[in-house]
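Novice: Residue numbers (this note's numbering), protein chains in the order written: chain A, 7 to 490; chain B, 1039 to 1232.
Across the chosen pairs, the derived CB separations fall in these ranges:
| # | chain 1 | residue 1 | chain 2 | residue 2 | range |
| --- | --- | --- | --- | --- | --- |
| 1 | A | T468 | B | S1124 | 36 to 44 angstroms |
| 2 | A | E136 | B | E1194 | 49 to 57 angstroms |
| 3 | A | I436 | B | E1194 | 55 to 63 angstroms |
| 4 | B | Y1172 | A | T18 | 28 to 36 angstroms |
To give an idea of the interface, some chain B residues facing chain A are shown, with a C-beta separation under 8 angstroms as derived from the structure:
| # | residue |
| --- | --- |
| 5 | R1155 |
| 6 | V1158 |
| 7 | L1161 |
| 8 | E1162 |
| 9 | K1209 |
| 10 | I1212 |
| 11 | D1213 |
| 12 | G1219 |
| 13 | A1220 |
| 14 | N1221 |
| 15 | L1228 |
| 16 | S1232 |
A few chain A residues that don't get close to chain B, going by computed Cβ distances all over 10 angstroms:
| # | residue |
| --- | --- |
| 17 | Y406 |
| 18 | Y426 |
| 19 | P453 |
| 20 | P458 |
Just so you know, these hints were derived from the structure itself, not from any lab.
We treat Cβ as the ideally placed atom computed from N, Cα and C, and that holds for glycine.
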Amino acid sequence: MITRRYTPPTCTLEIFAKRSPLARFWGNSLVNELRFELRFDDPRNIQKDSPIACGDRQQLDLLCDLVTTYVQDFLLLSSTRNFPLLAVDTLTAEKSPLPPEDNASPAPSLPYLQPKGLLFHELTLGELAESNAEAIVPLSASQLFDLATALDEYSAEIDRLPQLARQSATPMIPVWVKVAAGLVITLGLATAIARLSQQPQSQIASTSSPKQDSLATSPLEPLPSLPEPLLPPNPTFPNDLSQRGQVTPPPSVTTPIPSEAPFVIPRPAPPPNRSNSSSSSSPPPSPKEKENNDFPLVPPKATPTLPDLPAITSERSQNNSSLENNPFADNSPTTPVEPSRSPNQSETPAAASPPPVVARSVPSPNSSRDRAPSPFESLEGRTSNPEQIAPPQVSQVQGYFQQRWQPPENLSETLEYRLYLDRDGSLERIIPLGEAARSYLNRTPMPQLGKPFVAPSSNLQTLQMRLVLETDGSVQTLLESSDR
Amino acid sequence: MQSRSPQLHRHQQTLWQDLTLAASPKVGQLDNIKTHLDLVLLALEALLGIGSDAMLKTAQELGLESDIGDRVGLWRLRQSNPLRKSSGGRKKLDVEEARSLVLIICRLAQQHQELVRRAVTLLEQMVQDERPPYQAALLGDYLDNFSNAYQERMRENAAVSSEELENLACKFLIDLLFYSGANGHRRLWLALIS
Chain A
7 MITRRYTPPT
17 CTLEIFAKRS
27 PLARFWGNSL
37 VNELRFELRF
47 DDPRNIQKDS
57 PIACGDRQQL
67 DLLCDLVTTY
77 VQDFLLLSST
87 RNFPLLAVDT
97 LTAEKSPLPP
107 EDNASPAPSL
117 PYLQPKGLLF
127 HELTLGELAE
137 SNAEAIVPLS
147 ASQLFDLATA
157 LDEYSAEIDR
167 LPQLARQSAT
177 PMIPVWVKVA
187 AGLVITLGLA
197 TAIARLSQQP
207 QSQIASTSSP
217 KQDSLATSPL
227 EPLPSLPEPL
237 LPPNPTFPND
247 LSQRGQVTPP
257 PSVTTPIPSE
267 APFVIPRPAP
277 PPNRSNSSSS
287 SSPPPSPKEK
297 ENNDFPLVPP
307 KATPTLPDLP
317 AITSERSQNN
327 SSLENNPFAD
337 NSPTTPVEPS
347 RSPNQSETPA
357 AASPPPVVAR
367 SVPSPNSSRD
377 RAPSPFESLE
387 GRTSNPEQIA
397 PPQVSQVQGY
407 FQQRWQPPEN
417 LSETLEYRLY
427 LDRDGSLERI
437 IPLGEAARSY
447 LNRTPMPQLG
457 KPFVAPSSNL
467 QTLQMRLVLE
477 TDGSVQTLLE
487 SSDR
Chain B
1039 MQSRSPQLHR
1049 HQQTLWQDLT
1059 LAASPKVGQL
1069 DNIKTHLDLV
1079 LLALEALLGI
1089 GSDAMLKTAQ
1099 ELGLESDIGD
1109 RVGLWRLRQS
1119 NPLRKSSGGR
1129 KKLDVEEARS
1139 LVLIICRLAQ
1149 QHQELVRRAV
1159 TLLEQMVQDE
1169 RPPYQAALLG
1179 DYLDNFSNAY
1189 QERMRENAAV
1199 SSEELENLAC
1209 KFLIDLLFYS
1219 GANGHRRLWL
1229 ALIS
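Next comes chain A alone, as it looks inside the complex (with noise of 0.2 angstroms):
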């Protein structure tokens, strides 16, 4: 049973995950068999039946979903022009059942929350009530914020979750049964020795073959014996072995990426994608993007400064024409890149600059800032501005990789180099991301310096890329930036 507990000052979350015997040898994970409790146990407001939310793992990524999308919608409310009142009025007024009738109708069963005002919130729990269909928790501000917190914890743990499970499920078995049977094999093969060396030969053969059916059918008769030793050695093996197994998953993940895209620049950012995803693309339960949208509690008077915005805007937007394009256009996409991985990015001052805004990677910062100072404005171009897709030597270089990369058997880590590529399509300069990066340098394809091997470059006088050697033997590309 694996219990976690997230407990800031408003409410509490429990996580319960039972480890099914079965589990183990099916491989199942953990994690897909948890169930959640959710109590509102505000100490200023201890309520006897004060409602308790609990499901399943969908349920509770559905309530991530919706409390996340919840919060960043009521965020946003600040940047547009729907400014809400305190509600104080609105507040009792708004108490009235009709938004939740209105709401429950296309989806009663799904939890859903709505604003009453804009210090509080009512969380209908829907199908996540224990007990009461009709569960409503009113939730303040604080409250709100303290629900998002315990579900973000709970999110940034479960990602981390099934390799636990993998680390703690898997390894086991093998290192169980292969113990327990080689035990069992090796007593077993000793007694029978030891019998048939005191009985006739004659005996020998039928002797024997019961004595290996046993071996083939009972190894789970012993095993029942070995658990204490079995224990200890669970820290200690699970480490190695769940380094193979999560070393094969990711080739999975990535490898359709590269194969789809050529120059891997597409790539969507995932570290904000968990947040992103689920505050934009998944708001599963309708009835609460409607709320969103409309947030009652707005009250119609409420103007504030922003009113303004639209007339500076278009007034400003004029001058945007006038702005160099934008690096960050093709940065942004390097951030996906898995490079946090090579913390040992102190090699060059490029190096140590994070990697995904190409500006401040850019060696010099003064010649990087002067060039193209990447102003906000530049963002409206980006989308304008065909020629800052990778040029063909983005995809030259994959390709060229692609054909030689063999990833050496025991590399566990992907390396990744900052490539500095002249006019004429040679290679200018080379630098590993990190310590693997540098080790593993002899063992990769590098052309050699100042020898052409891809198309030269008509209108760039140098390119700057990113270059990603997968340990699946997949190779991705990034550009970072180009000086013209």
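Based on the hints, put chain B in the right spot on chain A.
Specialist: Quick look at chain B alone, frame taken from chain A:
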């Protein structure tokens, strides 16, 4: 400083990587971003009673000196808010600088989460009791500071009624609570670019 910098750097790098642009902002969003960042900073100033020194110090802690190095730089960044009174010589805000501001805001909010939370809880209590928020000292000071700074710095056509200003201040106060969480930087960034 030397010894902790790699750690800090890694941490900052991780945070930084969270702030990607999945989609480019639409025309008109950019000014909202500048305004939003400036106003969130204003809310922080008003609540915590801090000035640019604290922000610069936080920038330093986060290794963001290259983007926000000195008082003038920070001032010019904030001047990029189109609602600001002075428009001459306004510096444009670039993506790195916006990210830096996001990280600074969230770090400050996180460091002062207790106070932010207390203010929000107090606000909830006052509203529940149907009492005007400014009657609570902490909130009264905050609202005063916010309103004064707003009126002092923003252009006249950005002026709003005192009631609206109070709501605005309250909204930013609540937002600060959400920015003070572990995911705060992502939340703020998404709110900016969505």
